[in-house]
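Asks: Using the sequences plus the hints, can you model the full thing?
Number of protein chains: 2
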Amino acid sequence: MPTGKLQVVPLGGLGEFGMNCMAVRWGDDIIVIDAGLMFPESELLGVDIVVPDITYLLENRSKVRAIVLTHGHEDHIGGLPWILSELNVPVWGTEFTLAYVENKLEEHGLLDNAILEEIVPGERFQIGTFTIDPIQVTHSLVDCVALAVHTPVGVIIHTGDFKVDPTPTDNRLFDLHTFAEYGKQGVLALFQDSTNVERPGYTPSERAVRRKFDDVFRATKRRLFISCFSSSIHRIKLAIDMAFEYNRKVALVGRSMNESTEIAQDLGYLDIPEGLLIHPGQIKDFPPERVCVMISGTQGEPMSGLSRAAVDQHKHAKIERDDTVVLSSRIIPGNEKAIYRMIDHLFRREAHVIYEDGSSPPVHVSGHASQEELKLIINLVKPRYFIPVHGEYRQLRRHGEMAAAMHGAVGSVIQIESGDVLEFDELGARKAGKVTVGRICIDSGSRTDVVEDLIIKDRRHLSEDGIVLPIIAINKLTGQVESAPEIVTRGFAAGGENGFMQEARGVVMKTLDESTQEEKGDYGVIKEKIRADLKRYIVKNTQRRPLIMPVILEV
Amino acid sequence: MPTGKLQVVPLGGLGEFGMNCMAVRWGDDIIVIDAGLMFPESELLGVDIVVPDITYLLENRSKVRAIVLTHGHEDHIGGLPWILSELNVPVWGTEFTLAYVENKLEEHGLLDNAILEEIVPGERFQIGTFTIDPIQVTHSLVDCVALAVHTPVGVIIHTGDFKVDPTPTDNRLFDLHTFAEYGKQGVLALFQDSTNVERPGYTPSERAVRRKFDDVFRATKRRLFISCFSSSIHRIKLAIDMAFEYNRKVALVGRSMNESTEIAQDLGYLDIPEGLLIHPGQIKDFPPERVCVMISGTQGEPMSGLSRAAVDQHKHAKIERDDTVVLSSRIIPGNEKAIYRMIDHLFRREAHVIYEDGSSPPVHVSGHASQEELKLIINLVKPRYFIPVHGEYRQLRRHGEMAAAMHGAVGSVIQIESGDVLEFDELGARKAGKVTVGRICIDSGSRTDVVEDLIIKDRRHLSEDGIVLPIIAINKLTGQVESAPEIVTRGFAAGGENGFMQEARGVVMKTLDESTQEEKGDYGVIKEKIRADLKRYIVKNTQRRPLIMPVILEV
Numbered sequence: 001m002p003t004g005k006l007q008v009v010p011l012g013g014l015g016e017f018g019m020n021c022m023a024v025r026w027g028d029d030i031i032v033i034d035a036g037l038m039f040p041e042s043e044l045l046g047v048d049i050v051v052p053d054i055t056y057l058l059e060n061r062s063k064v065r066a067i068v069l070t071h072g073h074e075d076h077i078g079g080l081p082w083i084l085s086e087l088n089v090p091v092w093g094t095e096f097t098l099a100y101v102e103n104k105l106e107e108h109g110l111l112d113n114a115i116l117e118e119i120v121p122g123e124r125f126q127i128g129t130f131t132i133d134p135i136q137v138t139h140s141l142v143d144c145v146a147l148a149v150h151t152p153v154g155v156i157i158h159t160g161d162f163k164v165d166p167t168p169t170d171n172r173l174f175d176l177h178t179f180a181e182y183g184k185q186g187v188l189a190l191f192q193d194s195t196n197v198e199r200p201g202y203t204p205s206e207r208a209v210r211r212k213f214d215d216v217f218r219a220t221k222r223r224l225f226i227s228c229f230s231s232s233i234h235r236i237k238l239a240i241d242m243a244f245e246y247n248r249k250v251a252l253v254g255r256s257m258n259e260s261t262e263i264a265q266d267l268g269y270l271d272i273p274e275g276l277l278i279h280p281g282q283i284k285d286f287p288p289e290r291v292c293v294m295i296s297g298t299q300g301e302p303m304s305g306l307s308r309a310a311v312d313q314h315k316h317a318k319i320e321r322d323d324t325v326v327l328s329s330r331i332i333p334g335n336e337k338a339i340y341r342m343i344d345h346l347f348r349r350e351a352h353v354i355y356e357d358g359s360s361p362p363v364h365v366s367g368h369a370s371q372e373e374l375k376l377i378i379n380l381v382k383p384r385y386f387i388p389v390h391g392e393y394r395q396l397r398r399h400g401e402m403a404a405a406m407h408g409a410v411g412s413v414i415q416i417e418s419g420d421v422l423e424f425d426e427l428g429a430r431k432a433g434k435v436t437v438g439r440i441c442i443d444s445g446s447r448t449d450v451v452e453d454l455i456i457k458d459r460r461h462l463s464e465d466g467i468v469l470p471i472i473a474i475n476k477l478t479g480q481v482e483s484a485p486e487i488v489t490r491g492f493a494a495g496g497e498n499g500f501m502q503e504a505r506g507v508v509m510k511t512l513d514e515s516t517q518e519e520k521g522d523y524g525v526i527k528e529k530i531r532a533d534l535k536r537y538i539v540k541n542t543q544r545r546p547l548i549m550p551v552i553l554e555v
Numbered sequence: 001m002p003t004g005k006l007q008v009v010p011l012g013g014l015g016e017f018g019m020n021c022m023a024v025r026w027g028d029d030i031i032v033i034d035a036g037l038m039f040p041e042s043e044l045l046g047v048d049i050v051v052p053d054i055t056y057l058l059e060n061r062s063k064v065r066a067i068v069l070t071h072g073h074e075d076h077i078g079g080l081p082w083i084l085s086e087l088n089v090p091v092w093g094t095e096f097t098l099a100y101v102e103n104k105l106e107e108h109g110l111l112d113n114a115i116l117e118e119i120v121p122g123e124r125f126q127i128g129t130f131t132i133d134p135i136q137v138t139h140s141l142v143d144c145v146a147l148a149v150h151t152p153v154g155v156i157i158h159t160g161d162f163k164v165d166p167t168p169t170d171n172r173l174f175d176l177h178t179f180a181e182y183g184k185q186g187v188l189a190l191f192q193d194s195t196n197v198e199r200p201g202y203t204p205s206e207r208a209v210r211r212k213f214d215d216v217f218r219a220t221k222r223r224l225f226i227s228c229f230s231s232s233i234h235r236i237k238l239a240i241d242m243a244f245e246y247n248r249k250v251a252l253v254g255r256s257m258n259e260s261t262e263i264a265q266d267l268g269y270l271d272i273p274e275g276l277l278i279h280p281g282q283i284k285d286f287p288p289e290r291v292c293v294m295i296s297g298t299q300g301e302p303m304s305g306l307s308r309a310a311v312d313q314h315k316h317a318k319i320e321r322d323d324t325v326v327l328s329s330r331i332i333p334g335n336e337k338a339i340y341r342m343i344d345h346l347f348r349r350e351a352h353v354i355y356e357d358g359s360s361p362p363v364h365v366s367g368h369a370s371q372e373e374l375k376l377i378i379n380l381v382k383p384r385y386f387i388p389v390h391g392e393y394r395q396l397r398r399h400g401e402m403a404a405a406m407h408g409a410v411g412s413v414i415q416i417e418s419g420d421v422l423e424f425d426e427l428g429a430r431k432a433g434k435v436t437v438g439r440i441c442i443d444s445g446s447r448t449d450v451v452e453d454l455i456i457k458d459r460r461h462l463s464e465d466g467i468v469l470p471i472i473a474i475n476k477l478t479g480q481v482e483s484a485p486e487i488v489t490r491g492f493a494a495g496g497e498n499g500f501m502q503e504a505r506g507v508v509m510k511t512l513d514e515s516t517q518e519e520k521g522d523y524g525v526i527k528e529k530i531r532a533d534l535k536r537y538i539v540k541n542t543q544r545r546p547l548i549m550p551v552i553l554e555v
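Chains as they are written, first to last, in full-length UniProt numbering: chain S, 1 to 555; chain H, 1 to 555.
Calculated directly from the structure, the hints in this document are not laboratory data. You may find that some hints are simply not true.
Pairs count within a copy or across copies, as identical chains cannot be separated in the list.
[As the list claims (entries may be wrong)] List time: in silico DSSO-like cross-link candidates among lysine-lysine, alpha-carbon distance up to 30 angstroms:
no., residue 1, residue 2
1, K337, K375
2, K431, K63
3, K540, K337
4, K337, K434
5, K318, K431
6, K212, K375
7, K237, K212
8, K237, K510
9, K375, K221
10, K318, K434
Replies: Here it is in structure tokens:
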């Protein structure tokens, strides 16, 4: 038996939703599994994204050998620019995952110096002490893997995000056999995705959505708008296939929708017939019944294509009476108000809106395993130790309780949270102390800018750039602005001239003047517009980047 | 045929959730059906409740004859103090509804001058031109009625809130026969509740919860905490009956829970065996397996009994390892984050938490009619005109579409929103103009104060009292406050002395010092505590009531 200790240290994602990141260490070798971001809680106004504090990695800078990615979702790769700018180590991922990573790094000017290594499911690779075996799994995204990591004290398996889809649209099956094989040989620890542990039964296959799409394509007499997460390649493929079948041209609206489609096409996940795609500017040139628009913005994000189209502020995507709008996505908790506000706007345009309302066939299916799938994997792997990952505290607890009841399949369950050090040696496993973890807030500027440098605005530096609060009184019903906007600042001085503040108020007034009643009635939209415009003005005139938090008062 | 016009004018609740209020006018007679409030959107920090603008009623002050209430929920009666203080007209309601109204008016010092008239289901009464026939319906609350209003141009029926519960716990059945009778005689217009129009099928009976409660009472080995809406008399009755059956004493924690139970007992809806109730202070005197605590706070409201107990800050309600906590309520959209945060705290206390997660039997059932019940009532009533009420825009639209497809049962569907004037005469019905409507924001002060005067803080008067923004930088992970709190003000001057602001910062610092790590990690809680304490200090020292909006910066 080797002497030494294996340490597993989650730096994010355990006890919180998103920001998945986990260090695995043996002596002088550290690998990092995933490097995600999270979207901030609504209380954190003025912050765009949140990434994990990597103090632990920086303190062990010389030992960090690589970052290994399970798949290309933001909560698994979104923190990469931030981490690589501090610690430029090789990044391993599957072909598709790396395509997303490349785009992301290029945006932030980090691609030239990045070292990207491709993973092929089933082909083992070595990093320091560790041999890593990527296992093909199914999920809402394509080209996803679980990771079996061979360590001196045994094999640990990290599932990444997964569901067990028996009929994936790309026909790349979940590799149950390899999980089974490891289970036979003996697995030290299984780290399993907890996202859907509260759901009984089985998550339906991606193909379950097809019946609903069929109904919609058949029934729709005019323009058809379909919105889904841009990373839902399965969903995009389905929509494009059906558009072809039903003789509709396809326009892609939204940057992320275009990027994803391009990557998927390059890598052979999408086979788009010649001449099917049209430019959004051509939508008006085709009869309404011959057009399908794939548009981003399922979560009611204020500046997304669909949000703008819903208030008739999109140049090309015009939604008219009797058009159909399909939201093929989940309503993420916390976004309900924004999403339903957007849906209300769509109804006011007299569109038919199809969204997840519990009816069958479903217009969206989850990408995460439900209880029976989780149990299936546990039964295959039969780990000595079971550790729930990816979830809020209650989900980790429920997942742990579920596994603990599976006598014969699970040795014991260990409950850890971000920052806990979980230690394995020949005697067993235990929690052994804590490392520094935390959340770093990043204000990446207006999301409307196509490419913008990553600006790390650690709030500890707030005192340097200060805070700016534009205060606007809006009459909700009339949409009228009731008084001149006020601007309150703290720790932010614009050279002492009064003219600057006067002009800043003018900027806010202009934004308000140029917004429609509907936009002004939607606080999410109007706040974001004010923030973006005011930010542009302030950065240009002062080269400083204060935190800007619009405050709406309803009168 | 009479000459004249019947006008129906919704002043709130159509195109928004809550704040239900509708004027019905013939010549010089106006009656108002319901006078509700709404809880503000999260964007409206610092506002407690929102009530409808009653300009229309005030402009026709001499014509308003009465307010008629359908039932005692806040979104139907919560605006009464505000309206009566401007316009003191008689208020009609059932016995139970009036008991709630009395408590509410007494709190605001309005009871002595109020004129309350009791409604008995099935007994008609006259107000001006109108004869009103209250029809018994079932809902999550008891003693609810629909209203058939006889007007010179025909009968209109307003359903109020309802479900068609075939087995209500109080055995007071939904009066289907009267609806049928009106349908036979002919109904001019039906105004029907749209809340659950998106749900297919039938809403389960209140009794469906009993099976779940049975499971829980049987399985629970230690203390049992049950939280439900305080107005859910059916649910409270069920819990109390089962506590008696399973030999547990019952403690009521939370003011609203005590009030509701007292009213229900007085009016014979609850029959609590002698000696079953104990004071919260006695919880510790009984063995854990002999206690059931009914506690308020299902929505994660920061200052509620359950939220405080979840972070171990309640004097009497201590939640310990292996206790069970039941959330027998709906997760209201917009409250998810607060509720799940509270549930996480409960899991950290190692309690078993039972909440609505889609499993069966249900721990909560809705009080509103699903599609099949809505259709049933439409079939019984067969109205010439159908008008959806109570709902957001998309719900009104879907409800209208559903009814429009019911040929033979519905003449035509008219879609109106708050502020529209709907006019009926011998020729038919049409929209005829608009009246002023809007939302008035009320800041009733800290919710922790037991009794406090209603303070109408119309935001139009903001310039008088100004705005105060305490800014606090908290390290989420450590719960540490990273720098001294800042206070930014606008339009608020505290006599010019610097000492005041210094002291105000001290107040905030003290609140932070006296809060636990868990409270500081829960932004909702800590904001509310800071707001309450700072408000008390400012009101005491300046007699002014600025808008106070704490801003948390995560570092």
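Asks: Next step is simple, just say for each hint if it's right about the structure.
Replies: Hints, one by one, checked against the model:
For a Cα distance limit of 30 angstroms, the shortest separation of K337 from K375 across copies, 28 angstroms, qualifies, whereas the shortest one inside one copy, 35 angstroms, does not. Only within a single protomer do K431 and K63 lie at most 30 angstroms apart by alpha-carbon distance; the minimum there is 22 angstroms, versus 74 angstroms between protomers. Taking the closest pair of Cα atoms, K540 and K337 never come within 30 angstroms of each other, the shortest separation being 34 angstroms inside a single copy and 37 angstroms across copies. Within a single copy, K337 and K434 get their C-alpha atoms only as close as 38 angstroms, which misses the 30 angstroms cut-off; across copies the closest is 27 angstroms, which meets it.
In this assembly of identical chains, K318 and K431 lie within 30 angstroms of each other by CA distance solely across copies; the values are 28 angstroms between and 57 angstroms within a copy. For the homomeric pair K212 and K375, the shortest alpha-carbon distances inside one copy (29 angstroms) and between copies (25 angstroms) are both at most 30 angstroms. Taking the shortest alpha-carbon separations for K237 and K212, only the intra-copy value of 15 angstroms comes in at or below 30 angstroms, while the best inter-copy value is 43 angstroms. Proximity of K237 and K510 under a CA criterion of 30 angstroms is satisfied in neither setting, with 42 angstroms inside one chain copy and 58 angstroms between copies.
Taking the shortest Cα distances, K375 and K221 sit within 30 angstroms of each other only across copies (27 angstroms), while inside one copy they are farther apart (44 angstroms). Taking CA atoms no more than 30 angstroms apart as the test, K318 paired with K434 passes between copies only; the shortest distance there is 29 angstroms, against 54 angstroms inside one copy.
Checked against the numbered hints given earlier, the structure breaks hints 3 and 8 and satisfies all the rest.
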